[in-house]
Structures are given as C-alpha cells and as structure tokens.
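Heads up: the sequence lines are chains F and H, in that order.
When we follow my numbering, the leftmost residue of the first sequence carries the number 763, and every step to the right adds one.
When we follow my numbering, the leftmost residue of the second sequence carries the number 2, and every step to the right adds one.
I should point out that these hints are in silico values taken from the structure, not numbers from a laboratory.
The C-beta atom is built at its ideal place from N, Cα and C for all residues, glycine as well.
Warning: the hint list may mix true and false statements.
Said to hold, decoys possible - Using 27 Å as the maximum straight-line C-alpha spacing, the simulated DSS-like pairs for lysine-lysine come out as follows: (1) K773(F) / K625(H); (2) K679(H) / K851(F); (3) K625(H) / K868(F); (4) K671(H) / K111(H); (5) K49(H) / K109(H); (6) K100(H) / K830(F).
Claimed, not checked - Ranges of calculated distance between the beta carbons of each label pair, as one might list FRET restraints: (7) K816(F) / T126(H): 56 to 64 Å; (8) T859(F) / F642(H): 54 to 62 Å; (9) I857(F) / L402(H): 24 to 32 Å; (10) N520(H) / I768(F): 56 to 64 Å; (11) S667(H) / L767(F): 41 to 49 Å; (12) S532(H) / T770(F): 34 to 42 Å; (13) T770(F) / R524(H): 38 to 46 Å; (14) T576(H) / L844(F): 47 to 55 Å; (15) L767(F) / N520(H): 43 to 51 Å; (16) P862(F) / S644(H): 50 to 58 Å; (17) A653(H) / I768(F): 26 to 34 Å.
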Amino acid sequence: MNEVLIKTSFKILCPLLALVSLILFLRGHNLPGGGFIGGLTLSLSMILLILSNKESKLESILRIYFVKVMAICLMGLALTALFPLMLDKTLFTGIWTSIPLPIAGKFSSILIFDLFIYLIVAISTTRAYVEFTDFSGEGRFL
Amino acid sequence: MNWIEFGQLAPAIGLNISFVSNSVNLFFGCLVLFIGLGVFIYSTAYMKNYPEDKKTVFYTSLSLFTLAMLGLIFTDNLLLLFLFWEMTSACSFFLIGFKNEKEEVRDKAKWALYTTVGGGLFLLTGIVMASQIGVENGLNPIQSFSLTELAKIEHFYRHDLFSLSFILIFIGLASKSALFPFSFWLPLAMAGPTPVSSFLHSATMVKAGFILAVKLFPLYGDQALWQNSFIIIGSLSAFHAAIQCFLQRNLKTMLAYSTSCVLGILAILIGLGAFKAHVSFIVFILAHALYKAALFQIAGYLDSRYKTKDFIELQKFKFDNKLALLTVVLSTLSMVGIPLTMGFYAKEFIYYSALKSSFPILITFIIFFANCCMGIQAINFLRVFWPKKEKRLQTSEVSTLLIIPAFAYSLVATILAIAPGLTNLNISLSAILKNFSLSNPAVTLKLWHGLAYPYDIVILLSVLTILISISGSFLFSKHLDKFTIFSNRYHDFSLWNLNKVLLDFYLGQFKKLFSILQNGNLRQYLIITLSTVAGLVLIGLLKVESYALPSLDFTITKALLYSGMLIGLFLTLATSRHYRVLIYFAISGLFIALFFAFHSAMDVSMTQLLVESLSLFFIFFMVKALGFEYVVRTNQLANFFISLFFGLTFLAFYLIEKVNFSSLASNFYKDNSYLLAKGENIVNVILVDFRALDTFGEVIVVTIAIIGVGSLLTKKGGQHE
Chain F
763 MNEVLIKTSF KILCPLLALV SLILFLRGHN LPGGGFIGGL TLSLSMILLI LSNKESKLES
823 ILRIYFVKVM AICLMGLALT ALFPLMLDKT LFTGIWTSIP LPIAGKFSSI LIFDLFIYLI
883 VAISTTRAYV EFTDFSGEGR FL
Chain H
2 MNWIEFGQLA PAIGLNISFV SNSVNLFFGC LVLFIGLGVF IYSTAYMKNY PEDKKTVFYT
62 SLSLFTLAML GLIFTDNLLL LFLFWEMTSA CSFFLIGFKN EKEEVRDKAK WALYTTVGGG
122 LFLLTGIVMA SQIGVENGLN PIQSFSLTEL AKIEHFYRHD LFSLSFILIF IGLASKSALF
182 PFSFWLPLAM AGPTPVSSFL HSATMVKAGF ILAVKLFPLY GDQALWQNSF IIIGSLSAFH
242 AAIQCFLQRN LKTMLAYSTS CVLGILAILI GLGAFKAHVS FIVFILAHAL YKAALFQIAG
302 YLDSRYKTKD FIELQKFKFD NKLALLTVVL STLSMVGIPL TMGFYAKEFI YYSALKSSFP
362 ILITFIIFFA NCCMGIQAIN FLRVFWPKKE KRLQTSEVST LLIIPAFAYS LVATILAIAP
422 GLTNLNISLS AILKNFSLSN PAVTLKLWHG LAYPYDIVIL LSVLTILISI SGSFLFSKHL
482 DKFTIFSNRY HDFSLWNLNK VLLDFYLGQF KKLFSILQNG NLRQYLIITL STVAGLVLIG
542 LLKVESYALP SLDFTITKAL LYSGMLIGLF LTLATSRHYR VLIYFAISGL FIALFFAFHS
602 AMDVSMTQLL VESLSLFFIF FMVKALGFEY VVRTNQLANF FISLFFGLTF LAFYLIEKVN
662 FSSLASNFYK DNSYLLAKGE NIVNVILVDF RALDTFGEVI VVTIAIIGVG SLLTKKGGQH
722 E
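Excised from the complex, chain H in its bound form (with noise of 0.2 Å):
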C-alpha cells in the first residue's frame, strides 16, 4: 500500500515521511501535472518581459506550490498534509503578491494568506483532535496521524472529540476551497499574474480542500454532520457565487467567481455521499479543470493582446485567431454543458444525484441556478469572439505560447468526452471510485439512458440550462445599463466587505496594543522587560513558605569577583562620557566571566567573555555612528526603583529556603551525553545533538537578523544584497 515511507522525521510528535499512491491520488497528482506542465509552458510567454530576478522568484514559487501540492495529495500523514497545506498557502501568497510593487496587489495577497493560513490552524487542531481519537483507540503516536491506520477503526464517530475536530477540519477545509464565507478571496486571487490564476483556480490550491475531504471521507463521511455541512455550505456558497458570477463583467474576476460557484456545487456533491454523486464528483473535478485552465489562460491571452479585460469591450474587436477561437469554443461548450463535452457528463450526474438526495427540489433548485448563471457568462465569454462588424484596431503582438496549452486542455477534454470507452475513462473511473467511494459498480458514461425516471428530469434540466445560458447572454447584453447599476449596489454589501471590517478592526486592536508595547524606545522596552518578569517572580514568590540566609563562604577569590563586578558598576553610574560607560561596563562584565569559570562553567564563562567583547566593539560604533559624547540619564528615580524592585525580587528568589527543581531533564542529560551523543561536553552535546533542532532553528535567526541589520543599514544607493 504505501508508496515511499522512509524514516521518521519525529516520532514523538508522530510525524514520519510516508507517501500512498492509489488511484485517488494518481488521479489528482495526474491532474495537477498536467494543468502545471501547460502553466509552465504558458508562462514562458506570459513573463518574457519581466526581469530575471522576478522571473526567479516566480519559477520558485511556482515550483515549489507544484511540489507542495503533490505531496500534500500523496502523503499519508496528517501532520506531513499539514505542513504540505501550508506550504502551498505560503507560496500561493508569493504568487499571488507577484506585482508586489503596487499597493493594492500586496494587500489582496495578504488576506488571501490570513484566510487560507488562518484556516490551516484550524485545520491542524482538528488533526490533533483526530489523532487523539486514534490513540484513545490503540493507536501509537506515529500511527494515530496515519490515515490509513484511522479508516480501520471501527468505531471513530463514536468519540467524543468526534464532532469538534470534523467541524474545525471543515473550517480549515472551507477556508482553503473558499466555501461560503470565505469566498472572498479567490476574487482577491485575481492579482495574481494569469498562469498562477489559471493553476489555483483548476487543479490545485482551492482543491486542496476537496482533496482533504476525499482522503478523510472513510472516517468522517456517513455521518449526518459531514453530510450536513457540506451540504448546506455548499449551496450558500454556489448561491452567492453564482448571483456574484452573474454580475461581472471582468473576464477574469467572472472566471474566479464561476470557480467559487463550481467549488460550492462540488461541496454539495461530497456532502450527498453517494455512489453517483462521488461520481459526478470526480468527473466534475476533471471538467472543470480543463475547461477553467483553458479559459483562463484565453482570457489572460485576451487581456495582453486587447489591453482588457471587459467582455463587452472585448466584443466590439474582430478577432483573426482560429485556434483561440477553437479552444474557446470547446471550453465554453463544456462549462454550458453540450452534449459531447466533459461538462455534460458532470451535469447529468449532479442533477442526477440532486434529484435523488433527501431535499430533492431545494439543492436541484440551487444547482440549476448556478448552472444557468455560469452558462449565461460562458455564452458571453464566448461572445467575445462572435462575428461582428469590421473592427480593427491597435493590437500587442503575443507569442502562440500563450494558446497552446488551453488548446492542449480542451483537446484533451474533448477527446476523453468523445471516446470515453477508447480513452479508458470508463475503467479510470471505476478504479478512481472504488477507492474513494469504498463501494464499487462500474462507471459507465453515456450520453443517452432512456427516459425513465429521473433520467427525464435531468434531460429536461440539462436542455434547460443550455437554452436559459444562449437567451440569458443576449438579455444581459441588451440590458447592460440596468444591470451595472445592480451590479455596484451588490458589490457594497458583498462578504468582502463584511470580513474587510471585522478583520480590520482585530487588526486595528493589535496595531493599538503595539504602539504601546513597541514603541520604538529602548527604555521603555527595558522598563516593560524587566517589570514583567519581577512582577512573574513576585507572584511566584508569594507562595514560597520560608526563606533562609545562604552560609556565607566568603574566600579571597569571591570577595576579589565581587567587588570587581561592583566596582566595574560603580564607574559606569559614575562617568558620564559615552565610552568610559562601555568600557566600565565591559569590566563588571569580564568578572562576571570569571565568575562563571570559578563556578566551573567554563562553556558559559567563554561565551560571556566573547560576547561581552564584541558587543563593546559593536555598541563603540553605534554610540560613535549617532554621535552621543555623554549619557543623558532622565528619571533617574524612577529607574532606581525598578531596578530595585528587580533585584530585590532576585534576591528574595535566592533566598528560598527550598527548590523543588525537577532535576530530570538535567540528569537525563548527565546520564546520557556520553552513552546517545558520545560527547563529554553536555554543553555542546545538547546544542549539537539532543536539541539540535533548537540550534537549527537558532541559526536561521541569526541569518535572517544580519541579513536585516544589512537591509536597515544599507545607505540608499549604496550597495544592496
């Protein structure tokens, strides 16, 4: 069963590498593949005029949410899907905020990442709540995060935390597949250059969630809480996304909407469980993200060609490209539903498995709705390239490149829809299902079934949503006035808006706390630092019971350290030249050194000793760099008392008759550097060994902080990494 599974990367959180390749997994993985290898080739062309370094940047991205997305589709481990998701989250934000030089696109990015990452929190709550239920059940840790080990417990809804983790699951699900309500920030997406619209929004990013939900539906999915809540947020989100779809007239903002629209229909499917619905599921998934890659990659060629994005615009030009033509003739006619296309299949089979789900009218109702809605827009998408008066005008010339991988898509659509018995779908199919859905008829796609019951109805829907899309296009263009009227009052009190307000006033909270907290004054950091941690002592020490006075040893060479130290003190509060201060200073510092080499900490003692040297190198050029001569001392009374309130609290901690330190990890240490780490040196054994991840994750610091001292430091027109 499992495909690659080596080594653990921790154990003791239960997070091991193990990938699972089923025909699930094949078929996403496949899936992404291929919509990436045509983006990558498109972009090619799209990015010819942007400087390498940005080209770097993008191709890194890119590349990088391409392999966050295999892995997240292939990997076995909850936690290991999680860190995936997030990755694609992280670099979806890079690409998104690719024009990162206008304001307006860096802000769009960000709330697209707060939603999706905000999401991923909830997410892995939910994991851990699930892997809880695993250990409850007899599952060691690394097994609890396994997938394939959950699905074999008999009895997983039974848990308590059952409910609790499927509904913060199903929220991070939502936030990432952009389900109602967090639709808002696919449209946001849109600032994204076309070839990363046009990845997101077929085969990866908003999938993610359903591709979740595939590989959590043998734990979750025959519960009546799955089913409800997909149900119901599904169609809230078609519903809204698809009056939203209606109401554009952006290509690309129509796309995004109808992707939301799609999302929400196919949030229904998952949630209606059955045999036909999964199937339609699957077949819809592999619809919709031909024809959606393809017509996003026209509209982007549309835009670099036209300099728009308008359709009504885009209409009043003569077009001469046959195979753009072509490619959106086979893509539009998917998305409506034609006979002979990919999307005809996925519409028999939803508004099949509509008609046969336990509220019949009211989801048949929504889907018919969204459909209707999305096929008016790719009639009036395909509009765009309608015979029309002799209109020549001023036009870019664009590389081929950025057609032929949307012709490759609606090819391939095509030919799968035509000969789906030649292509092998049917048999893919049933081996895709049997997986997914744990039961296993064969799939069969056809495009007649007769006229019983239901398979009238959806006949007469089907020709319906086509007949509503072709006499829905003309109405809309006939009255356009009218209806960006009600297009701009919709827009006003759209989500957007309603999540813009509340997350700017949480945002609006913080920023006030931090003018308090970060106020950019070193003092007051000081005063802060200080007198929160006495204060944390203080509340520890009200408990202690007794305190004692230490025996006082005093020998030659402890009175020598401490009246170093002491005196080191006193010259630095009694000079006043900048220098002097630092250099006295540094003294108390180097016997406080040697303080720590008579106590036998020898490896403290070093460090000590080094950093008190070079920060007096480093804090000489600053004080020289700002040009101080003497130290300013103000509310030297109020300094006094914090400080004394600071030592007196150390003090007292000192003198606590009795510790109760737990002494385990240290003697863990003690016993084991030699034996585990073969090192003698605990010091270093640990920073080395034991917590080498500590010191990993230290060092990244160290780097990225001198690389910001270099950006801060760096004199403009200066040199710059």
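So here's chain F without its partners, still in its complex pose (with noise of 0.2 Å):
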C-alpha cells in the first residue's frame, strides 16, 4: 500500500522536476539557477522516474549510449568554447544575438554552453546512480 502511494507520488513529482529543472536552467542567468543547479534537478527527476517504474527505458538507454552522450556534449562544449576564435575574440567569450527566448531572456552561446552543462551534470549523476544500484546488488530499494 505505502508503496503504491510512494510510486504513484514518484510519477506525479518526475515530469514536474523535469519542468523545475527546465525553468531553472533557462532563467539560470538573471535569476538563481542555471545549468548545475538545473541539472543536479533533472537527475532528481530521472532518478524518480528509474524508481517508480521496473523496466524503464531510462535506465537501458543511460547504459548504452552512455559515453557517446557524453563525448558529444564535451565535444559541443568545447567547440562553443572555441566558437568565439572565429569572430576574433578571445576564447569561451559570449557572444549575444537578439533573438528572444522566453525565460531566458536572449539567446546567446553561453545558453549553449549552459545547456550542455546541464545535460553532463543530469546525465552524469543518474548515470552514477544507476551503477550505484546495480552495484547494491537487487537493483531498486522499492
């Protein structure tokens, strides 16, 4: 019975951290927030979402394609980093457009950069807790 209640919680609370984690990354630059905080979040709600349901994809997909996630969003990372070269200015400077954005003002390659911050951080942590409980040995503690 409690566990029902805990799992039924469990689904109602993941798809709205993941909005949270979303809105804290997106105001990330003029409000508290920003791609750590958003992402330590949205591993929160990933790893809610690996808790209330057995067989989730989640997990499966984290364990495959794991480290080619990874290396794309370092390697996007770097090359916001060096994007600034071919303007001529100094590297990891931000370069701002006027394009609108709702919650985030501006669009702007430091966005960029934030962005993938946030996906290594919520995609590294869950990644960690899944071998943690895989490592525990019966898998999930519910």
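Each of the two chains sits in its own frame; use the hints to bring them together as a complex.
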C-alpha cells in the first residue's frame, strides 16, 4: 500500500521536477538557477522515474549511450568555447544575439554552454546512481 | 610573414594561435607529411591482424601525433609550441605502449613519457624566462611569446636570465631528442609497433628538439653557451650511442642506437653554427629521415616474415624479394655514404665542417668513429640479403605494402642525390638555409670538390669510413662470440640502468609517502584533511591581534534554524542505525540550506539542497550494498578532540575583529556581470562566462569521475563501456 502511494507520487513528481529543472536552467543567467542546479534537479527527476518504474527504458538507454552522449556533450562544450575564435574574440567569450527566448531573455552562446553543462551534470549523476543501485545487488530499493 | 593568425586563446598569458610559413618550416612539414604518408600506408598492412578497437586507438593516436608535429613545426608562439610539444609526448606514449597487454611494454612507454614530459617542464620554464626577457625589452605579453618578435630584440643575450633560460630549454630539447644523458628512452621506444618506430625515429619525435633548436637559433645561436652545450652533449651522445649501436644484433635496437648516434652528430652540427655546418645539418636530416624510415620498415617486414630481428639469424635465410633488396641496397648505401647517395653529400659536409671547427681533431674523430660504427651495422643489415647457402624455411606471407613506402623513400632519396640540379634541390636548400642560417650563399651539392685542403682530408675520411664499414662488418661476424660477451657486459653499465635506479628510488619514496597519505581508510582521510585545514588556519590565527564577540541579535527565525541544525546533529549522534543516521544528518543539511536561503544566497542554498538529497540517495545504496546495519563507532575520544580542534579554530576565525579581505574580485564581478556578461545572477555569470574555463575543466572531471565509477562498479563479465 505504502509502495503504491510512493510510486504514484514519484510519477507525479517526476515531470514536475523536469519542468522545474528546465525553468531553473533557462532563467539561470538572471535569477537563481543555471546549468548545474538545473542539471541536478533533472537528475533527481530521472532517478524518481527509474525508481517508480521497474522496467524503465531510461536505465538501459543510460547504459548503452552514456559514453557517446557524454562525448557529444563535451565536444559541443569545446566547440562552443572555441567558436568566439572564429569571430576574432578571445576563447570562451559569450556571443549574444537579439533572438528573444522565453524565460532566458536572449539567445546566446552562453546558453548553449550552460545547456551542455546541464546535460552533462544530469546524465552523469543519474548514471552514477544507476551504477550504485546495480552494485547494491537487488536493483531498486522499492 | 604570418600565414595563419586568428583569435587569441588567452591574451592574458600570451597564448595566441599563429602559424608561420617559411622555407625551414615547410621543409620539416613536407618531410613529416611525406614520411607520414608512407607510415600510414605501411600501417594498413602491418596492423591488419589487430582487432578493430585497437586499430581505432592506433590511427587516432598516429593522426593526432602527426597533427601535433605539424603544429609544432609551423607555430610561431612559444606557448603553443609547448602545447604541441607535450601533445607529441602524450601521443607517442599511446603509440609506444600500443601492445599494452604486456607489462614490459607499458613500463617502457612509461619511461619514455616520464623523460619527454619531464623535459617539457624544463622547456616551459625556459620559455617563460625567454618571454620575461622579451617583456623587459618592451614587448607586450602576446609579443613576448612570439619567436619573430623575440628575434628582433637586439641585446637578447645581455639579460641575466639568458643563460638560465637557455639551459632549461636545452634540457627539454635534449630529453626530447634523446641526447646524452636522456638517450635511454629511444631504444625503449622500440617496444612500439614498427610503423611507429619508423615515424618517431626518422622525421618526427626525435627531430622535434632540433626543430626547436632551428627556431631558437636566431635568439641564442651566436653565443658560446649554445655552441659549447650542443658540441659537448652532442659528442657525448654520438660517442656513447656509436658504441651501443655497434654492440647490437637486433635490427630494430641497432637502428634505434644509430638514430641516437645521428642525433648526437646533428647536435654537434647545430652547435658549430657555421654556414657549412647548417647545410650539412639540413642535408643530413633529409638523408637520415629517408633512409632510417625505409630501413625500419624493412626491418618490420623481415620480422613479420621470418619472425626474427636478429640479423645473424636472418643471414641464414634466402631472400626472393627484389624490391626489398633494392630498397635496402639504396638505403644502407646512403647510411654508409657511398657516392651518389644523399648520405654521401651529408658526410662530405659534416667532415668539412668538423675540420673547420675550433676543435677539429676531437670532433672529426668522434664523427668519424660514429660514422664507422653506423657504417658497419649498415653493411651488416645489407648482408642479410647477401647471396648465401640455399636455405628455405617456413615463412609467412606478407603484403607488399610493407615494402612499397620504404621503396618510395629510398627512390626519392636516390633521385634527389643523383640529380640535385634537376630536382631543384640546390635552390630549395639555399632557400631553407637563408631562413635558418641568416646568411645567404648558394648551396651546391657536388660529388667532387677537387683536392685542395680541406677537401683532400674529407675525401680521405669518406673513403676510410666506407672501407672500415665493409671490413668491420666481416670482422664482426668472424668474432661473434667474443663480441656477444662484451656486448652483455657493456649493457649492464649503460645509462638506462643508472637512470632506472635513480628514478626507481625517486618513485619509491613517493610510493612510501602516498601509502601513508592515501591508505584507503576514509576516516583517516578525513582526519588528515580536517587537521591540515585547521592547522593552517591556526597558523594564520597566531598573527591576529584582537578578537571580538560579534553582536548577537537572535531573531526567532535564526533561533529556529540553529536549533534545527543542532537537533539534526544530536539525533545523528544518538542513533546507530545507518539509515536513520543518514536521514538525521540530511535534516541538519536541509537546515543549513535554509540558512543560506535566509542569508539570500539562493544559488548556494539550492545547490546545498540538491546535493543533500542526491547524496542521501547515493549513500543509502552504498550502505545497503555493503550490508552495514549499525554504525561502528571507534576511537570516539580522538575523533571528539579532532572535531573540537576543527570547530574551535573556525570559531576563532569567526571572532577575528577586523578581517581585511580584498574586495577587488568581488567588486569586479558585482560591477561587471551585467555590463560585460549581460547577466544579473552573478553566480551563474561567473560560472559560465568569467570563469568558463574552470567550469569546462570541472565538467570534464565530472565525466572522468563517472567513467571511473562505472569501471570500478561494473561487475566482472557484466556490461563494459
């Protein structure tokens, strides 16, 4: 009985947390939030998803594609950092455009940089969680 | 002048991307690309039987290595050069240690890495000093790392740092180019696959030091220090390597020592500094790269066909491959220095410049000795293909691709040597020398210079070298037994052992230290960390003049927060079930998060909150996995005192009356975060804009940590990344 309650609440919490994490990430440049905090929140949401669903696809996706996704994210991060060189600016300089975005304000290379941090933090934390639960033998504690 | 110059990587420390294309750079670049093309073709055949993932590693490292080498050649910025320099060291580590399933190979690759990367640190220090000289002569930070700008300084050598910077750079250079006493890593690098050896030894890795020397020649070249260092170290390396080379029976090791020998001679030549010495330097590099790459590849071909590298063994076989025979004839004759080969021109110029030097007899003798030793071994190599008794043994079929690149090298060398005028070699050499030697006479490669002094002695020495090489080779095989005994004895006292003893001692001491600091006991880590931090703070506290109690204005909110924290902590201490301890501890953490929020540090508060909840999840599973139910509390009294000490030091730190923290940094971020980075959240602006480089590094560390966790926790036989 208890288990059902907890699992159902996790199922409700999970998309909410994902939404919160997205908002936190987007508003990060002007209000409390940002890639790191957003990423941690997203990973919490993903952990809840894994906890509430015994045969979650997310877990196997994380196992199979982890290295590739991380490689793409790090590559993207490096390219974002190198991009200003093309415009004859110093490495890591933020490039701002006038394209408006909801919550975030304006679109910029900083946002892309933050996006990759968001993804890397979220994915790697969740992956570490998956490894730990796997190590504990029985899989999940619920 | 500048070929490519775009963007500035880090203007504050003088790192900008600039590449210069001049005739010297192009010469080295073309050499790397030409040899590299052959090496890649050779690799496709040589690497055929390795699994796909090993091949991926190999080709990635080889391509990166080539890229780093080209970068090193063309760059004009000393810091960028250093980056490429270390990149070649790192890539060569993966290439040498390619057969990493053998411990011996891993060890050898490690030693090569230690030597070259360690030398790189000396180089970096030397470079920084050189730029310091530049700054004090009125250059800005970016210019001060630019070679072209530094070369414009008139009295570069007058600065106090001149000698020290040269010595440091020279140590880096010698370690990379395997000069005495660092020459031991070069034979160790033989542990790598043959294409790697042929690439590293002919045009790339070991030539990197000389490429640097050519670049630095305008700065340091006309000083006695430069000349003496290069001549003395070069003579020592050439002499030492010549004896070692003479004592080898293994084809690959023999070639490795002959490379070491050639490097010594090159060092002497660049030290001599006269125009002719520079001509011979360039011609010798060209000749050596072409014959050495070819010979290495043929040695690899023989090895994969007959399964032995011992040329005395190989002499028993009968050979039927005409192309390989032709290649070896052309290459070894160039190595001995028979007329109408590149090696001949190189030797002529070398003997000429040695005779014109300030110590003609000594230098000429050393070079003569080295040439004879190499010549004997070259003839030994050639005799592998000598017509001999019919003895056909089981051989394995190998691809002709193992011979074609080598043949191309020797063919190009021969065409260049036979018709230097036709191939524009003279004009090209003159152009190269114009940029390098800073003097401008035309270069002509001639077979016959007449018999006027010093050409008469040059001719005599050349003929003698050839004669001794041929007769020495026959004596060699006649007295093989004595020779083997001597070879073993000499090897025991070689430099490699000395270096190994020294480095083993050094690393052994570190191991002892780390066995205390990193003994795997988490409690001990905590004790060491806490007492070190508290101790350091305590040292600072001793200088504090006065303490004062801060005004205690307790509001109800504050009181609630503090009591929440304290209750959490007390509950943690009062229970001994692991799960409860974790939850109580997390409660106290939540109150700390609230405390941050109360002090309007929203970002810190949120991070604290998330980290608390996530670490609760993680530790929960660890505790479950390890099967602990109750917390075991040992050494309570000692732990109590350590915590008390830690707590009291920080309390005292809090009570200091006046703290003069510099507010420069915080004011900068406060003032500029909206103006420069267009963000109102300073924490985030610092993370993704001002200190984005740090974030970049942190994210990489996170990734590596997770991969580490994955590889540690993955069960045997389970899925592996």
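Verification of the supplied hints:
1. K773(F) / K625(H): holds, 24 Å
2. K679(H) / K851(F): holds, 17 Å
3. K625(H) / K868(F): violated, 46 Å
4. K671(H) / K111(H): Distance of about 47 Å is beyond 27 Å: violated.
5. K49(H) / K109(H): Between K49(H) and K109(H) the Cα gap is close to 24 Å, so the pair holds against 27 Å.
6. K100(H) / K830(F): holds, 25 Å
7. K816(F) / T126(H): 56 to 64 Å: holds, 59 Å
8. T859(F) / F642(H): 54 to 62 Å: holds, 59 Å
9. I857(F) / L402(H): 24 to 32 Å: violated, 48 Å
10. N520(H) / I768(F): 56 to 64 Å: violated, 41 Å
11. S667(H) / L767(F): 41 to 49 Å: Holds, since S667(H) and L767(F) (Cβ atoms, about 47 Å apart) stay within the stated range.
12. S532(H) / T770(F): 34 to 42 Å: Cβ of S532(H) to Cβ of T770(F): about 48 Å, so the range 34 to 42 Å is violated.
13. T770(F) / R524(H): 38 to 46 Å: Holds: the Cβ-Cβ distance is about 41 Å, inside 38 to 46 Å.
14. T576(H) / L844(F): 47 to 55 Å: holds, 53 Å
15. L767(F) / N520(H): 43 to 51 Å: holds, 46 Å
16. P862(F) / S644(H): 50 to 58 Å: Since the Cβ atoms of P862(F) and S644(H) sit about 53 Å apart, the hinted range of 50 to 58 Å holds.
17. A653(H) / I768(F): 26 to 34 Å: violated, 46 Å
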